[in-house]
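Engineer: FYI, the numbering for the sequence shown is -36 to -1, 1 to 373, going by mature numbering (1 follows the signal peptide of the UniProt record, and there is no 0).
Simulated from the structure, these hints should not be mistaken for laboratory data.
Take the hints with a grain of salt, since some may be wrong.
As the list claims (entries may be wrong) - Calculated lysine to aspartate or glutamate pairs in the EDC-like style (CA-CA distance at most 20 Å, straight line):
{"no.": "1", "residue 1": "Lys154", "residue 2": "Glu126"}
{"no.": "2", "residue 1": "Lys174", "residue 2": "Asp219"}
{"no.": "3", "residue 1": "Lys334", "residue 2": "Asp32"}
{"no.": "4", "residue 1": "Lys20", "residue 2": "Glu362"}
{"no.": "5", "residue 1": "Lys99", "residue 2": "Asp32"}
{"no.": "6", "residue 1": "Lys346", "residue 2": "Glu262"}
{"no.": "7", "residue 1": "Lys334", "residue 2": "Asp249"}
{"no.": "8", "residue 1": "Lys232", "residue 2": "Glu263"}
{"no.": "9", "residue 1": "Lys360", "residue 2": "Asp343"}
{"no.": "10", "residue 1": "Lys360", "residue 2": "Asp249"}
{"no.": "11", "residue 1": "Lys222", "residue 2": "Glu126"}
{"no.": "12", "residue 1": "Lys232", "residue 2": "Glu272"}
{"no.": "13", "residue 1": "Lys321", "residue 2": "Glu358"}
To be verified - Per label pair, the in silico range of CB-to-CB distance:
{"no.": "14", "residue 1": "Glu161", "residue 2": "Lys20", "range": "27 to 33 Å"}
{"no.": "15", "residue 1": "Gln12", "residue 2": "Gln114", "range": "27 to 33 Å"}
{"no.": "16", "residue 1": "Glu362", "residue 2": "His208", "range": "37 to 43 Å"}
{"no.": "17", "residue 1": "Pro81", "residue 2": "Lys20", "range": "18 to 24 Å"}
The beta-carbon is built from N, C-alpha and C at its ideal position, and this holds for glycine as well.
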Amino acid sequence: MPIKHHLQIKKTFRQAFGLFVALTLLLSGCAAPLQATLKQSGTIRCFQEQNRPEGKTSCELSAAVRVDNTVVFTNDKPIPGNGKSPVFSLSLSQQENNTAHPVYALDTKHISYFAEPAFNNASKLESLTVTPDGKWVVAATGFDRYKPGQEGYNTLLAWPAEDWHAVKTVISPSQGPDAKDSVSLREKFKQVLGGSEYFKIEGLAAIPAKDGSGQGRLLFGVRETGADYKNPNHVIQIIQAGYHISGDKRLQLHDDFKLVADYTDQLKSAHPDKHTLGLSSIEYDQYHDRLYLLTSYEEVNAEEPPPESLGAYLWTLPLADLGKTGSSPQPILVDPASCQQPKTNGKPLESCPLEFKSHKAEGLAVLDSKQILVVFDDDRVKTQVQSEDGQQHERKPESESGYEIIELH
């Protein structure tokens, strides 16, 4: 889909958005915002049609992360069948030997499922990240419900990047080593969120240790809080906790959970269309020591919601500014020539935010120093995705999810 179809900005909010961009640049000390160029788009199938699992299926990719020469994905619905798993990888290769501007190719015809019980026991995996040294991969569910029998919805998993068979459950400092779920972490999240009875985690990023103690920090993105799931408040919040790798090769969390950032008001006020935004992904870019944040909206009240009920925005924040008073993520922009908008007072627009129109962007993987991969979880909405022949077609919700590769400069 041409990037111009993603770029929408209401006339009545142009001046306010321009003021927001100028203010965030001033506060952050950045010389200029990042601009985005769409490099390619395509379709990922959670399984090949000839290997279709029995029973009801749904391809709803919720996260992605690059691990060596593969990209690992999570599907937030089960993929039933022997040897199947909601976590799988696709090989990543370069189509052209151009180190300055590599062109990537995902081998979507050969799926490697991570068929260990721990992956299938986790319900609705929402987030993925890789540690800055590239040695460990971490995945999280949404932690958005708990009743007896729902332990799988409260799971944090970690495994060595070179051996997913060695996956283990991440536990709180108070749990024993044989725990099969991470339910005890719910109380940690609840405490730092002011006692909120309901919350939903959608975002996970591993970042370096701030003061050299331990081996790093995990950032958990919070999308929803409230009294219950029926009446959620959509938020853009980040929780931080330290971690280290123990002697028995296990990722262990520290008992230092804290809310380090709340960008809910800043980013909602900057949104040009005033949709209800919530955080859907965070990731760390070690090449530039910065964070990426995806915020999205879904207004899917109808039985067959239209594609325009979905959308998402991409933001960036220097890691040094995380939680700093007065700092706020900046929007990723596109070339003004791509905005396809009328001039304002006879002058071209100075900024136009990148919007994933008619898609709920949920996962983001850093591919290299310039390119990122974004995956879409459009749920049951029949959105348009690109086929291998370059043509657009209506997505098959039971088996397909869309993706885009974007270059930032």
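Engineer: Now, for every hint given, state plainly whether the structure supports it.
Structural biologist: Going through the hints against the structure:
1. Lys154 with Glu126: With a Cα-Cα distance of about 34 Å, the restraint between Lys154 and Glu126 is violated, given a limit of 20 Å.
2. Lys174 with Asp219: With Cα atoms ~16 Å apart, Lys174 and Asp219 stay inside 20 Å; holds.
3. Lys334 with Asp32: Holds, at about 16 Å.
4. Lys20 with Glu362: holds, 8 Å
5. Lys99 with Asp32: holds, 10 Å
6. Lys346 with Glu262: Roughly 13 Å between the alpha carbons, so the hint for Lys346 and Glu262 holds.
7. Lys334 with Asp249: holds, 10 Å
8. Lys232 with Glu263: Judged against 20 Å, a Cα distance of about 16 Å means the pair holds.
9. Lys360 with Asp343: Holds - the C-alpha atoms of Asp343 and Lys360 are around 10 Å apart, at most 20 Å.
10. Lys360 with Asp249: Since the Cα atoms of Lys360 and Asp249 sit roughly 32 Å apart, the hinted pair is violated (cutoff 20 Å).
11. Lys222 with Glu126: Violated - the C-alpha atoms of Glu126 and Lys222 are around 31 Å apart, more than 20 Å.
12. Lys232 with Glu272: holds, 19 Å
13. Lys321 with Glu358: Given pair Lys321, Glu358 holds - Cα atoms ~15 Å apart, limit 20 Å.
14. Glu161 with Lys20: 27 to 33 Å: holds, 30 Å
15. Gln12 with Gln114: 27 to 33 Å: holds, 31 Å
16. Glu362 with His208: 37 to 43 Å: holds, 41 Å
17. Pro81 with Lys20: 18 to 24 Å: holds, 21 Å
Consistency with the previously given hints fails for numbers 1, 10 and 11, ordered from lowest to highest.
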